[in-house]
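Enquirer: What follows is the residue order along each chain.
There are 2 protein chains.
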Amino acid sequence: MASIQKKEAILVAAAKLFRDRGYQATSMRDLAEAVDLKASSLYNHIGSKEEILSDICMQNADRFSAEMGIIVQTTNSPIDKIKALINLHIEMAITDYTSITSFNDEWRHLSEPSLSEFTSKRKLYEQQFLEIIEEGISQDQLKYMDPQICLNTILSSTRWVYDYKPKAEMGEAANTIVNMLLHGISK
Amino acid sequence: MASIQKKEAILVAAAKLFRDRGYQATSMRDLAEAVDLKASSLYNHIGSKEEILSDICMQNADRFSAEMGIIVQTTNSPIDKIKALINLHIEMAITDYTSITSFNDEWRHLSEPSLSEFTSKRKLYEQQFLEIIEEGISQDQLKYMDPQICLNTILSSTRWVYDYKPKAEMGEAANTIVNMLLHGISK
DNA sequence: CCTACCGATCGGTAGG
DNA sequence: CCTACCGATCGGTAGG
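Going down the list, the protein sequences come from chains S and H.
Those letters in the first sequence? Residues 6 to 192, per this note's numbering, in order.
Those letters in the second sequence? Residues 6 to 192, per this note's numbering, in order.
Mixed in with the good hints there might be a few duds.
Copies of the same chain look alike in the list, so a pair counts if it fits in one copy or across any two.
Computed cross-link-like contacts, EDC-like style, restricted to lysine to aspartate or glutamate with a CA-CA straight-line distance of at most 20 Å [stated by the list, open to error]:
#, residue 1, residue 2
1, LYS172, ASP101
2, LYS148, GLU174
3, LYS21, ASP110
4, LYS170, ASP35
5, LYS126, GLU136
By construction, these hints were calculated from the structure, which means they are not laboratory data.
Please construct the entire structure, taking both the sequences and the accompanying hints into account.
Expert: Structure (structure tokens):
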């Protein structure tokens with residue numbers, strides 16, 4: 006019988022396997038074993054392997070979009086918005102450290118129309134982020150630089166957090182990262 | 006007939022396919038087609054699919070190690086060594102923008118003993134990088150911060166350069182990235 | 001370098 | 001939810 010909890014368990018197990026081995030290298034038999042089922046029984050809960058990947062990617066994309074929506078609507082300065090966004094990326098990497106790798110790396114195995122749906126959500130998010138950076142530059146809060154290069158560097162810079170071992174110290178790590186990006190490492 | 010040029014052509018084509026689709030999603034038939042051969046003929050030039058991945062990863066690892074060796078031996082200050090290393094990562098991402106993704110992401114599909122050989126090379130490289138950062142902190146050239154977090158952030162921060170479109174402007178991009186990491190984005 | 005082919009494994013379905 | 005099974009495709013080999 007198809008229960009929502011079971012589907013959720015499948016998504017969680019899949020995110021972990023995709024993270025450890027990658028989407029392509031994870032078989033439906035691997036996944037079935039992880040949730041104590043036979044491969045064929047998975048299809049009572051999900052439509053296809055790709056649907057699992059799609060669900061995981063969209064969940065993450067939607068969460069990023071939602072948080073961006075909140076941040077954009079505040080009256081905070083551009084630099085405070087950027088701080089909030091960097092912290093968001095770190096937060097996501099800590100709390101959702103399995104599924105974030107699907108969002109970051111495995112989405113490219115999606116086919117149409119999921120692929121376009123995902124990339125356009127991501128594009129929108131990055132566009133909003135870019136505008137905040139441009140605002141920061143024009144308001145003289147940020148140095149003058151190519152906003153796209155700035156954005157790319159920020160987005161990449163937290164892409165190790167999900168497999169950082171000492172999770173307990175992540176609060177401190179977040180501060181260090183924000184400080185690095187805002188003020189640099191040089192004294 | 007097995008020629009060295011043909012093997013090199015196979016490695017180049019493989020790096021491109023691994024970059025575009027990932028290692029697991031690239032079949033030997035895809036690769037064969039890319040070099041105008043039948044799949045079985047590939048085996049006159051290479052031992053196995055994994056050997057191709059291993060060769061690509063090791064080539065990159067060895068180049069990073071060699072450059073690190075040169076940088077370490079200079080009498081430059083820690084901060085100048087770090088600048089040189091950031092530029093090295095950008096340089097590699099530009100000149101070798103296909104194979105760098107194998108080095109970054111696909112190496113995990115290696116099996117033993119290649120896997121250990123690769124990870125220990127990488128570990129050594131990161132250890133040397135870490136020592137330069139620690140030296141920079143103790144010489145008061147860098148702010149006091151967790152050196153491992155600093156290293157991870159630096160290493161991640163250039164991991165978008167390989168698919169940056171305007172290759173012509175990469176020189177400027179490199180300066181922007183170095184500047185961001187050393188002095189931050191805040192004014 | 002190719003044709004022909006191997007066993008293993010893949011995602012997924014039928015039928016109960 | 002399982003057993004049984006499908007066609008397709010995988011990496012790789014034999015033999016010439």
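Enquirer: Could you run down the list of hints and mark each one as holding or not?
Expert: Each hint tested on the structure:
1. For the homomeric pair LYS172 and ASP101, the shortest alpha-carbon distance inside one copy (12 Å) is at most 20 Å, but the shortest distance between copies (34 Å) is not.
2. Within a single copy, LYS148 and GLU174 get their C-alpha atoms only as close as 30 Å, which misses the 20 Å cut-off; across copies the closest is 19 Å, which meets it.
3. For the homomeric pair LYS21 and ASP110, the shortest alpha-carbon distances inside one copy (13 Å) and between copies (17 Å) are both at most 20 Å.
4. When the C-alpha separation of LYS170 and ASP35 is checked against a cutoff of 20 Å, the pair qualifies neither within a copy, at 25 Å, nor between copies, at 38 Å.
5. For the homomeric pair LYS126 and GLU136, the shortest alpha-carbon distance inside one copy (16 Å) is at most 20 Å, but the shortest distance between copies (41 Å) is not.
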